[in-house]
Amino acid sequence: MAEAIQIQVNGEQRSCRADATVGDLLRELAVKTERVAVELNLEILDRKDFDHRSLKPGDRVEILSFIGGGAEELRH
Amino acid sequence: MVDDRLSIAGHEFKSRLWVGTGKYKDFAETKKAIDASGADVVTVAVRRVNITDRSKENLLDYLDPKKYTILPNTAGCYNVEDAVRYARLARAAGVSDLIKLEVLGDERTLFPDTAGLIEAAKILIKEGFIVLPYTNDDPIVAQKLVDIGCPVVMPLAAPIGSGLGIRNPYNLKIIMEMIKVPIIVDAGVGTASDAAFAMELGADAVLMNTAIAGAQNPIAMAEAMKYAVYAGRLAYKAGRIPRKLYATASSPIEGML
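Heads up: the protein sequence lines correspond to chains A and B, in order. Here this note's numbering is used: position 25 in the first sequence is 25, and no number is missing along the way. Here this note's numbering is used: position 217 in the second sequence is 217, and no number is missing along the way.
A few of these clues could be false.
Listed next, the stretches of chain B that the computed footprint assigns to chain A, with coverage defined by at least 3 CB atoms under 8 Å from CB atoms of chain A [as the list claims (entries may be wrong)]:
id: 1; stretch: 41–53
id: 2; stretch: 60–72
id: 3; stretch: 78–90
id: 4; stretch: 168–182
Calculated directly from the structure, the hints in this document are not laboratory data. Even glycine gets a Cβ: it sits at the ideal position worked out from N, Cα and C.
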């Protein structure tokens, strides 16, 4: 069995299987892959590569999608 | 006006009112307001997916991509690097090369950083993006944006979300006369007459969010905006009478006692 590794997803620490791919992570998080963008260590991934890119300890993953927004944006 | 479509870089739009999707109570209200506005272009922002609460619905589940053109923006970006990053993410997540490019210069006014805007637009155009730039009401900057390949220019009417209406109609008019690509007045509209005024000046479309979403009855205001934009467009095409200081009688004198 693969061991667990620590990664960062959308700014939060999280563990995943050592042999997991980005696609596995998205499935685990129940994120539908249509209309999402994934950045792995600042590199934007092609959707067709999600299942081929494996995760390494310390990887930073950002998962983004579209939200309501207009001529203006709520300030944070 | 049987056929009065707006054409931008090969994309055809029926509606000259474009709307943002922020600040609504919920997605159902967003959808109703968009329907009432008749808009076929809706802007969206790109943000982190909520991975801790997956029960949350997605806005795009409410918007049929066959019915609406989804126009992602780079709202909230204050430098070239961030704006370019968000534009690339939007393209990776989305369906087209269209991007509403915002590079903001100041948090209080949300005025665009036009130098940063031009720089970011150059990078994105080179990467094949169709850049729709949110800019100031500066005719020279507008011309520069066209020169580097923007197929449309989107000057503000007033600060984003301010509802102050058309603050500088003369600059907007100069932009409309000087610039040979469609002009979309973006931001600052407060009520229906502002939208009509923008269209009467000769704007090709108006983009708004807060004026509708922030109204006491957003759905009714969305409908008001639809008619305002339509009426303003008709009036512009009809050609208004010149302004004169003194009266001209509209009833004949002949036949009077």
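>> Using a Cβ cutoff of 8 Å, are there at least 3 residues of the stretch 168–182 of chain B near chain A, or does the coverage claim fail?
In response: violated (count 0)
>> Please check whether the stretch 60–72 of chain B has three or more residues whose CB lies within less than 8 Å of a CB on chain A.
In response: holds (count 3)
>> Three residues or more, CB to CB closer than 8 Å: is that satisfied between the stretch 41–53 of chain B and chain A?
In response: holds (count 9)
> Are 3 or more residues of the stretch 78–90 of chain B near chain A, judged by a Cβ distance of less than 8 Å?
Replying inline: holds (count 3)
The structure shown violates just one earlier hint, number 4.
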